[in-house]
Amino acid sequence: MGSSLRNISAIAGKELRSFYSSPIAWVMLGLFALIFGYFFDAAITYFAKASMAGQMGGGPQKVNVNLEMIRPLLSNTTVLILFLLPMVTMRTYSEEKRSGTIELLLTSPLKDVEIILGKFLGAMGMYLGLLAVTAVYMLIVFKYGNPAVKPLLSGYLGLLLFGGGFVAVGLFISTLTSNQMVAGAASFVVFLLFWIISWLGESLGQTMASIMSYLSITEHFDDFGKGIIDTKHIVFYLSFIALGLFLATKSVDSDRWRG
Amino acid sequence: MIEVQHLTKRYGRVTAVDDVSFRVEKGEILGFLGPNGAGKTSTMRVITGYMPPTEGKAVVAGFDVFTHPLEAKRRTGYLPETPPLYPDMTVREYLAFTARIKAGQLSTADRKTRVEQVMKKTRIDDVANRQCGKLSKGYKQRVGLAQALIHDPEVLVLDEPTAGLDPKQITETRDLIRSLAGDHTIVLSTHILPEVAQTCQKVVIINKGKVVAVDTPDNLTHQLKGAAALYVQVGSQQDATGVLSQVAGVRAVNVADRHEEFVGYEIESEPNRDIRTEVARAVVNGGLGLLELRPMRMSLEEIFLQLTTEDQPEGPTPAPAARVLEPTSPTGSETANG
Chain A
1 MGSSLRNISA IAGKELRSFY SSPIAWVMLG LFALIFGYFF DAAITYFAKA SMAGQMGGGP
61 QKVNVNLEMI RPLLSNTTVL ILFLLPMVTM RTYSEEKRSG TIELLLTSPL KDVEIILGKF
121 LGAMGMYLGL LAVTAVYMLI VFKYGNPAVK PLLSGYLGLL LFGGGFVAVG LFISTLTSNQ
181 MVAGAASFVV FLLFWIISWL GESLGQTMAS IMSYLSITEH FDDFGKGIID TKHIVFYLSF
241 IALGLFLATK SVDSDRWRG
Chain B
1 MIEVQHLTKR YGRVTAVDDV SFRVEKGEIL GFLGPNGAGK TSTMRVITGY MPPTEGKAVV
61 AGFDVFTHPL EAKRRTGYLP ETPPLYPDMT VREYLAFTAR IKAGQLSTAD RKTRVEQVMK
121 KTRIDDVANR QCGKLSKGYK QRVGLAQALI HDPEVLVLDE PTAGLDPKQI TETRDLIRSL
181 AGDHTIVLST HILPEVAQTC QKVVIINKGK VVAVDTPDNL THQLKGAAAL YVQVGSQQDA
241 TGVLSQVAGV RAVNVADRHE EFVGYEIESE PNRDIRTEVA RAVVNGGLGL LELRPMRMSL
301 EEIFLQLTTE DQPEGPTPAP AARVLEPTSP TGSETANG
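If you read the protein sequences in the order shown, they are chains A and B.
Take the first sequence: its letters are residues 1 to 259, numbered as in my numbering.
Take the second sequence: its letters are residues 1 to 338, numbered as in my numbering.
Chain A with its partners taken away, still in its complex shape (with noise of 0.2 Å):
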């Protein structure tokens, strides 16, 4: 067990290191920034109009900065990950494979799991890196205006899951092809399919709609923003994980047997 951990925060720490030594990860953090920061910018003159016409009597007495201003917010985050992290995902394994490298952590003496789960939690660290930008933001609202904590954490949970998702799929795709720009691409339509497989349920009849919506990675997510944590969207989420690391760990496997 010790040795296992051991393993994994050594490929974890690499990963890190060479994501973040990239030019690559600081431009992209960089437009991050920048995107995130005209949502914010658009957030707040929305929030400020709302309540101002709520002073003058013309809108709602009380406007809340929680639902009115970090929710959507948040919720727009979620449309950049869609964005930017098959950019994350896309080289951690078909880098390994066009290079080369694959050789060396395939006859060193580490499991198939201890190199997936290291590579889930580097690229983890790289998406707290995207987080940890919109945490600037939100320092700023703190500074002059009064959340409340808990539905914001809640949030940040939410995001955190909900990424983790993209993350253990992305890297599962990348498993599957020595093509990086391959494996960004195909990461992004499976997640847009992830995405919008809600929409299509609704022509489908009532159970599809259900099912659909079920799967459906972003309706999982609304509550997260409202401030609600339950139990059936962490479950969703983390079934969502175990089942990307398990297909990427078989597919290390059968990609050795292939030769």
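Calculated directly from the structure, the hints in this document are not laboratory data.
From the three backbone atoms N, C-alpha and C, an ideal C-beta is built for every residue, glycine too.
Each hint should be verified, as a subset may be incorrect.
[Unchecked claim] In silico DSS-like pairs for lysine-lysine, Cα to Cα no more than 30 Å straight-line:
{"#": "1", "chain 1": "A", "residue 1": "Lys97", "chain 2": "B", "residue 2": "Lys137"}
{"#": "2", "chain 1": "A", "residue 1": "Lys111", "chain 2": "B", "residue 2": "Lys112"}
{"#": "3", "chain 1": "A", "residue 1": "Lys111", "chain 2": "B", "residue 2": "Lys26"}
[Claimed, not checked] So, partial list: chain B residues that the calculated Cβ filter (under 10 Å) puts toward chain A:
{"#": "4", "residue": "Gly49"}
{"#": "5", "residue": "Pro52"}
{"#": "6", "residue": "Ala72"}
{"#": "7", "residue": "Gly77"}
{"#": "8", "residue": "Thr82"}
{"#": "9", "residue": "Pro84"}
{"#": "10", "residue": "Met89"}
{"#": "11", "residue": "Glu93"}
{"#": "12", "residue": "Phe97"}
{"#": "13", "residue": "Gln105"}
{"#": "14", "residue": "Gln147"}
Add chain B to chain A, keeping to what the hints say.
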């Protein structure tokens, strides 16, 4: 130390390795020789546990690589054909990482010492802080070797360790590999023949996935020589075939080359009979002007061509050698001696 038994590897319908068996004793260097695409890399990938065999098994340091992969891998160092380097890591960072995943049981301080030792051994300490991606081919190869040595493995598997190096680097790498034998058991693959003659104690020649010969480089050249052949060069332009054929023990005489200043003859003698003295005496007595007299040995190169090509090789190969070596049955580990 390494035992490969009836190893077969198939990719779909293509059979890359076909019932290959051989053993390597502790401290030996085994050369794995064959043309490109003969199945060398596939065999090595099975030995290192990179992929499982279709049939048969490989046992490294007492552990079956398929049923006990972790134990076997802990005792194996592997340098693939392209050194598996992370271009954005410095050499020291890279080796520290490989030490963590291969020798994680050591303390951080011990691992640090290992990294420094290995860098010194492979003479890469002068590039310790440079990025792997920016190194020259020779340095990359040595960093790859350092990585294979980092956990002080009992077995080293090196896939074409000198490919793409310049002559000076090749000599250095060979010296390094030779110095590692004894402490480590080494399997190296190559398609360069002198390399095998210079570095290895045992040669496995493989072609189209099958073992065609297993022996020491010396034995291979000797046994294949079969009937001995001599090369004699004389100054006289007059035909010496008659004089030479009369020497006892001579089977055949052929003109090998003819120039204005000399004529060269190839003399085939009965096996295991040294006729050099007699031939020299005959030449001198006949007043032919002896310029050169030397035994013709088949070079490893010629043996290799003979074993790996189906047609008769062209060139001045002594004819008798062609019939000497039958391909061995794959289970037999010694060369059939015709």
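Hints not upheld, ascending by number: none
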